[in-house]
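Visitor: Let the hints inform the model, and build the full structure from the sequences given.
Just so you know, the sequences run in chain order Y, S, B and X.
The numbers in the working numbering rise by one with no breaks, and the one at position 66 of the first sequence is 66.
The numbers in the working numbering rise by one with no breaks, and the one at position 204 of the second sequence is 204.
The numbers in the working numbering rise by one with no breaks, and the one at position 325 of the third sequence is 325.
The numbers in the working numbering rise by one with no breaks, and the one at position 269 of the fourth sequence is 269.
There could be a bad hint or two in this list.
[As the list claims (entries may be wrong)] Quick partial rundown of chain Y residues pointing at chain X, CB under 8 Å, derived from the structure:
| id | residue |
| --- | --- |
| 1 | Ser48 |
| 2 | Gly99 |
| 3 | Gly102 |
| 4 | Asp221 |
It is worth saying that the hints were derived from the structure and are not from the lab.
Backbone N, C-alpha and C define an ideal beta-carbon position, used for all residues, glycine too.
Residue strings, one per chain:
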Amino acid sequence: MAPQGDVPLQGNVDVDAGTLERLYRGLRRIRRVEEEVARLYPSDKIKSPVHLSIGQEAIAVGVCDPLRADDVVAPTYRGHAAYLAKGGDLNGMMAELYGKVGGCARGKGGSMHLIGMERFILGASAVVGTTIPLALGFALALKREGKGRIAVAFFGDGATEEGVFYESLNFAALHRLPLLFVCENNFFAIHTPLEKRWATDRLCERVATYDIPTTKISDGDVIKIHAWTTESAAALRTGAGPRFLECHAWRWREHVGPGEDYDAGYRARADLAAWQQNDPVERIGGRIAAPVRAAVDAAIEREIADAVAFAEASPFPDAEELTAHVFAE
Amino acid sequence: MAPQGDVPLQGNVDVDAGTLERLYRGLRRIRRVEEEVARLYPSDKIKSPVHLSIGQEAIAVGVCDPLRADDVVAPTYRGHAAYLAKGGDLNGMMAELYGKVGGCARGKGGSMHLIGMERFILGASAVVGTTIPLALGFALALKREGKGRIAVAFFGDGATEEGVFYESLNFAALHRLPLLFVCENNFFAIHTPLEKRWATDRLCERVATYDIPTTKISDGDVIKIHAWTTESAAALRTGAGPRFLECHAWRWREHVGPGEDYDAGYRARADLAAWQQNDPVERIGGRIAAPVRAAVDAAIEREIADAVAFAEASPFPDAEELTAHVFAE
Amino acid sequence: MSSRSEAAAPLRAAAPERRLRYVEALNEAVAQEMARDPRVFIFGLDVDDHKGIQGSTVGLQQRFGRDRVFNTPLSEDAMTGVAIGAAMAGMRPIHVHIRMDFLMLCMNQLVNMAAKAHYMYGGAVKVPLVVRSMIGKSWGQGAQHSQGLHAMFMHVPGLKVVAPSNAHDAKGCLIAAIRDDNPVIFVEHRLLYGTEAAVPEVPYATPFGQARIMGRGDDITIVGISNMAVECLRARELLSAAGIAAEIIDPISLVPLDIETIAASARRTGRLLVVDNAWMTCGASAEIVARVLERLGTRALQSVGRMGFAPTTCPTTPALEREFYPNPATIAERAHLLVRPDAPAWRPAAEDAALAYQLQFRGPF
Amino acid sequence: MSSRSEAAAPLRAAAPERRLRYVEALNEAVAQEMARDPRVFIFGLDVDDHKGIQGSTVGLQQRFGRDRVFNTPLSEDAMTGVAIGAAMAGMRPIHVHIRMDFLMLCMNQLVNMAAKAHYMYGGAVKVPLVVRSMIGKSWGQGAQHSQGLHAMFMHVPGLKVVAPSNAHDAKGCLIAAIRDDNPVIFVEHRLLYGTEAAVPEVPYATPFGQARIMGRGDDITIVGISNMAVECLRARELLSAAGIAAEIIDPISLVPLDIETIAASARRTGRLLVVDNAWMTCGASAEIVARVLERLGTRALQSVGRMGFAPTTCPTTPALEREFYPNPATIAERAHLLVRPDAPAWRPAAEDAALAYQLQFRGPF
Ligand SMILES: Cc1ncc(C[n+]2csc(CCOP(=O)(O)OP(=O)(O)O)c2C)c(N)n1
Ligand SMILES: Cc1ncc(C[n+]2csc(CCOP(=O)(O)OP(=O)(O)O)c2C)c(N)n1
Ligand SMILES: [Mg+2]
Ligand SMILES: [Mg+2]
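Guide: As structure tokens, then:
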């Protein structure tokens, strides 16, 4: 049964060449940054736990590309992808992971608390679900402002089990807030599969009962995600209420840390293989002319090398920083 | 659109004469007890705020009558009706309202915290929604026990806005707990109407997405409520998962306290009149032979008089009681 | 200062002071700030109904519209997140709770997000948020409608906590809280709502971190928090009959805490009694006693004491509720014991204790 | 007691003691109680995955089945309600949280229901519930994964709070908590998980409200809470090099609190330092200082002090996190100052401080 309020995607969505290149660049950049983080990790230079998005990049990229620069996103602790896709400063991110004062949170936040307010990237939280209502509050402010800006809340499948998610849906719909709810359903919360946590998977249908139009994209297709966002963002800018997207995705690596953990037995490497077959980086990359792709790739490598150098060079915060910023002056 | 999992009631449900008499007695008893509480109120003998159920009696009575004595109910702070319908001791309730040591909570709880564990009436809470997951926990214990006992969680429309309600639905369905969710929808939370609180009224449909069968009864018909409970309780005893009932109802009096407050303007006296037309006490009473009815009424008056006398005679707790029961020994 | 001494007070030449009730002062503070600053808005359960949070929000929606004054669903957790998010976006929300006990539903947002955001994000955001919360007392409020939980918020760096004891400070503190760039937990005691004080019409901010000496004395320093400040003033009257001069200090704000004023007074009187409207264990009273002694050295004081809720859940029955709270008589008795440990036991006469309840603090502010 | 003094310890004739890690001790406690009492069950996020809460729940599901050992959705609030309801029904739940910070999501259930039910319902129900909660530290745990929030629970009557500092007490306290008819907040410090101690195989209950003197000394009494007890033992080693004999007390349980043992020690040494794994404001350290001084009278002690988290949010970067926590060197320095206020400033040598980290408490228990 199709839930009421379902927003079907048109059969064959596609994008123009410029968009395709942007999407590729976005996907590849996140992939490579996180691979680099994973590579650096054993060196003990990264100073906080990292939750990598490798394999899930399409969601952040597909959603953020159609946004305006002054739209707002609220990433999670698994937030490198959304941070980067929304234009977050790579130097600031890398230095933050290094615990350096040049980090986007001056080294005080680490990987789980990236922030980039100059790009309207809200700070992430290590407590699951906590930032959903914050995005709501931001959306309330944007609605009052009346300039057509919108907000996006990213969250995992696990976050939808927290009561605050439903409280947020109700309030967003009641006030017709310009907010996109984007659920990154990677089937697991840490190592626990959906079957142990969800009574049913009728999530979209449930959300639709708030009169929130919903869409589910199960194949991780960045073009579909892009199309949904383009259409939804336009609707929200002219006063349509909130919308909801559930995207299936596969987290390639372990929950936290740089490695894989298929030997732990809680999920099968065969599933990884299926998703890798479908890897958006390669799929979109394959549609880009080879020289263009090579140039994009090279630029990304330079940017990463620069960011690592920046992080290395940035000093640790001074001891006085310990008690700075407890209160805003 | 009929939500999936909807449990329609048979067209013409009815009950036998014995049940009818029990229902009448239950309805009338609650009505009269609360009228008496309201009458006593200005005398300052009642020592805690009272949230009367006058007008909403059909829900407690219709749900509790088909239950087994060892089934469990979790009432709310508007809980006199459920407490009495499940067989709670009237003396203990009246003395509790009086703040006397003979009260069901030794005077420490008051009207908002009635309890009757000997009749498997869980203690009520003054914090909206708080007892829903407690009923769940009790249901979990009953399921483990394996004796076919079930639990009932009562809650208002306002409580369905709290996140814990959704967390509870999910867990109950996931574990197929023997629990009936009963929402007493009286359209208001204190003075705030549903329109200011609910994005939509598709509540049953939402609950159904947990694969929880739902039913909505909009006319306050105690016979329908009784039929739903009879059928649902039987299903639960043999291992069916939880069920959900939404009952419309009208709170005749003010939110808290003994009086009416239609002059406040937040709701119309005309609505009261409509519900009073349909008053279950009178409707069911009208189907009972006059002498039987008179005998029932008289017995109720005697019981109430005895309870008031009991409460009057019961002493206030001694000062040492202040620090008794902080910890269980 | 007292009903008795007042009778003898000289008539003032100045224009009669304007007096407001605590709820009216709160209402005026919000109205003036909303008029001044379009970023201010107020929301929460029941703010726009006809009772308007005991009058403290009455008329605001008519004046400022539904966008800036609105009711919410029963969703304390998400609504607190909404407030924090809006604050980060540059608005200045006031979130109202009719019982402090309900803050337990939004502790995650208050403790893990509001308190920490400015620091955790390296100063990149601010959270100018006011959380108004009411403490209930008397007439069967009971276990879940009576708690003064300010200590939990004092415990967490990044939150300010204020608990004004009179209408004058209620207005000044609320204006200061609204203008503050940090989350402020604003503690209001229900029994103070009806009390009157001189409240200037012009907007003014009561500075945080500045305690007020409500009555001078040389024999003992008594710190009273929230409505306990008023109870302490009443105790002071009773003590004066026994020849004891108590200095009464209202800290007004608990974070930041004006420990200097309290310590200086205690050093002078040599005795310190802290009376809180809360439990004592890990409470504000423990903090004040410990901080004063750390600062002055233990030898500087002859005696210290704490009073607060009985170490038990709050009972509904008046027979026990009466014993649950400190009152002027028990405060006076305890102070007497601290001042004259070797004297025969003393209690104020019952009728004096009853009379003490007629006293209201009338300044100076 | 120390790595140094141990080398010189006489060989024991008795059978070699069985040593377990803290996580193993927790695991054994639960397994033994589950075997003994079919009402005991354990649940919470991640309890049944391959990591099994750092090993503390590994193997339990295989042994006791999915009905008694199970994972939950991310729904801390409702799951706490489930635990309380099941406890009221006569079961004995153990609810596990991998960070104490997450308890902020279920404060309503813990504070407004679990703590109060027995009292508020006049003794009609009991809530035999254990809430296991882990405090994080080091390596970028940061603002929301590092808080020691036991003071909030100590504040509320009706909750017991224990914070064992070693494997021996971890087992004994967990068994005692499971058998207790009241809600017990069980505080586990992550850095203690790998530490070993002698742990008898037979089930035993460590009595609540009985502090342990972990090392004798006459110059100063130092109370260390949770893993700070271990840090204080290390500080004691450093102090002994400076000729100062510190008495180290581990309260083990915070509610009930064995104030007698602490006060008696402080009276003898004349000095009291309380070192907490938490913030100080309205913390356990404030409470212990205040309670000891109320009990003994201020004049009984020469000096008091408190140490705890820096009054700030916990930063992730090690450059700042290092400064956030008390450590053996800073504790020793502070103790030295309290004992010899007029002596020239003293700090332990850096290499001694580093060496101190090899020390583990080995009893006597
Ligand atoms: C409120 C809360 N409970 C538990 C945790 C521990 N935890 C950290 S990540 C995580 C899984 C969250 O799953 P999901 O929302 O699906 O996000 P994913 O990690 O899969 O991206 C859990 C349970 C937490 N951080 N916050
Ligand atoms: C968590 C919480 N928030 C707010 C309140 C204040 N309050 C008391 S009753 C009530 C209305 C509840 O409405 P509903 O659940 O529909 O029950 P009703 O009173 O209509 O029976 C509110 C908001 C409360 N007690 N608990
Ligand atoms: Mg997930
Ligand atoms: Mg209602």
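Visitor: If a hint holds in the structure, say so; if it doesn't, say that too.
Guide: Evaluation of the provided hints:
no. : hint   : verdict
1   : Ser48  : holds, 3 Å
2   : Gly99  : holds, 3 Å
3   : Gly102 : violated, 11 Å
4   : Asp221 : violated, 28 Å
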